[in-house]
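Visitor: Spelled out, the chains give:
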Amino acid sequence: KQEVTQIPAALSVPEGENLVLNCSFTDSAIYNLQWFRQDPGKGLTSLLLIQSSQREQTSGRLNASLDKSSGRSTLYIAASQPGDSATYLCAVFSGSARQLTFGSGTQLTVLP
Amino acid sequence: DAGVIQSPRHEVTEMGQEVTLRCKPISGHDYLFWYRQTMMRGLELLIYFNNNVPIDDSGMPEDRFSAKMPNASFSTLKIQPSEPRDSAVYFCASGLGGSNNEQFFGPGTRLTVL
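Keeping their order, the protein sequence lines are chains F and Y. Just so we're on the same page, this note's numbering is the position in the first sequence counted from 1, plus 2. Just so we're on the same page, this note's numbering is the position in the second sequence counted from 1, plus 4.
Chain F on its own, in the form it takes in the complex:
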């Protein structure tokens, strides 16, 4: 059974810092990995999707990498801003049941 872990559970940084969020998964037989953002009381917004054959994806200040063999992904946020404050969730699409398995998220606070 696929398990997804995100470390740290919470992170607080001053504005302008570059930061890295970590995601690990136990079964490397994945189809893709997706990073989401969730604001308090809101739904999930898809940020980046990396196919299993890809190593990284970039969107603006966000860069996500995937090392399938080691079961790890990172989300890099450059020049963080207070508006980046949210919970970031990693989800892996895998298995014969073709399901998304979510991590518990990293709650990010960017201080002005």
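These are computed hints drawn from the structure, not numbers from a lab. All residues carry an ideal CB built from backbone N, CA and C; glycine is no exception. Please note that the accuracy of each hint is not assured.
Unchecked claim - BS3-like mimics (lysine-lysine), calculated; alpha carbons at most 27 Å apart, straight line:
id: 1; chain 1: Y; residue 1: K28; chain 2: F; residue 2: K44
id: 2; chain 1: F; residue 1: K44; chain 2: Y; residue 2: K72
id: 3; chain 1: Y; residue 1: K82; chain 2: F; residue 2: K44
Unchecked claim - Some chain Y residues flagged as far from chain F (calculated, every beta-carbon gap over 12 Å):
id: 4; residue: E15
id: 5; residue: E18
id: 6; residue: Q21
id: 7; residue: R26
id: 8; residue: S31
id: 9; residue: L49
id: 10; residue: N55
id: 11; residue: D67
id: 12; residue: R68
id: 13; residue: P74
id: 14; residue: S77
id: 15; residue: Q84
id: 16; residue: E106
id: 17; residue: R114
id: 18; residue: L118
With chain F held as given, fit chain Y onto it using these hints.
Guide: Leaving out everything else, chain Y in the frame of chain F:
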């Protein structure tokens, strides 16, 4: 496109009552997913449909939960009878499936069962 639409956004009910949550997926998406999010268990997949047909309902917690998708633009998740432990945020998501499987989430329904 308006994105995935869910209603109601908030629901407060008493134990034993029937609750119906509604979802309209993004037009053209042939996969629809129902998730539940709680502090204790995080996000869990309850059931998903492909072309209106339920494919995997192994995440549905009990017989009190049922889901239908009568057509490509509408799905319901029903809880009857509701219990306090059903209190959670319920999300609907849709996607095109295939090897991409990017999923787009609705705003969720926050359910409180007293």
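Visitor: Each hint needs a verdict: does it hold in this structure or not?
Guide: Tested hints:
As the CA atoms of K28(Y) and K44(F) are separated by approximately 17 Å, the hinted pair is consistent with the 27 Å bound. Between K44(F) and K72(Y) the alpha-carbon distance is near 24 Å, which keeps this suggested pair within the 27 Å criterion. With a CA separation close to 21 Å, the supplied pair K82(Y) and K44(F) stays within the 27 Å bound. The beta carbon of E15(Y) sits about 14 Å from the closest Cβ of chain F, which is more than 12 Å, so the claim that it is off the interface holds.
Every CB of chain F lies more than 12 Å from the CB of E18(Y), the least distance being 23 Å, so the non-interface label holds. With a closest Cβ-Cβ approach of about 24 Å to chain F, Q21(Y) is found to remain outside the 12 Å limit, as its non-interface label requires. No Cβ of chain F comes within 12 Å of the Cβ of R26(Y); the nearest lies about 15 Å off, and the non-interface call holds. Listed as outside the interface, S31(Y) is consistent with that label: its C-beta sits roughly 17 Å from the nearest C-beta of chain F, beyond the 12 Å cut-off.
Interface exclusion of L49(Y) from chain F breaks down, the closest Cβ pair being 5 Å apart, not more than 12 Å. At the 12 Å boundary, the C-beta of N55(Y) stays outside the reach of chain F, the nearest C-beta of that chain being 14 Å off. Non-interface status of D67(Y) relative to chain F is upheld: no Cβ of that chain comes within 12 Å, the nearest being about 21 Å off. Look at R68(Y): its CB is around 22 Å from the nearest CB on chain F, clear of 12 Å, so calling it non-interface holds up.
The claim that P74(Y) is not at the interface with chain F holds, since no C-beta of that chain comes within 12 Å of its own (minimum 23 Å). With a least CB separation of 19 Å from chain F, S77(Y) remains clear of the 12 Å interface cut-off, as annotated. Once the 12 Å rule is applied to beta carbons, Q84(Y) is consistent with being away from chain F; the minimum gap is 25 Å. Look at E106(Y): its CB is around 5 Å from the nearest CB on chain F, not clear of 12 Å, so calling it non-interface is violated.
The Cβ of R114(Y) sits about 8 Å from the closest Cβ of chain F, inside the 12 Å cut-off, so the non-interface label is violated. With 12 Å as the threshold on Cβ separation, the claim that L118(Y) sits away from chain F holds: the shortest Cβ distance comes to roughly 20 Å.
Taken one by one, the earlier hints fail for this structure at numbers 9, 16, 17, listed in ascending order.
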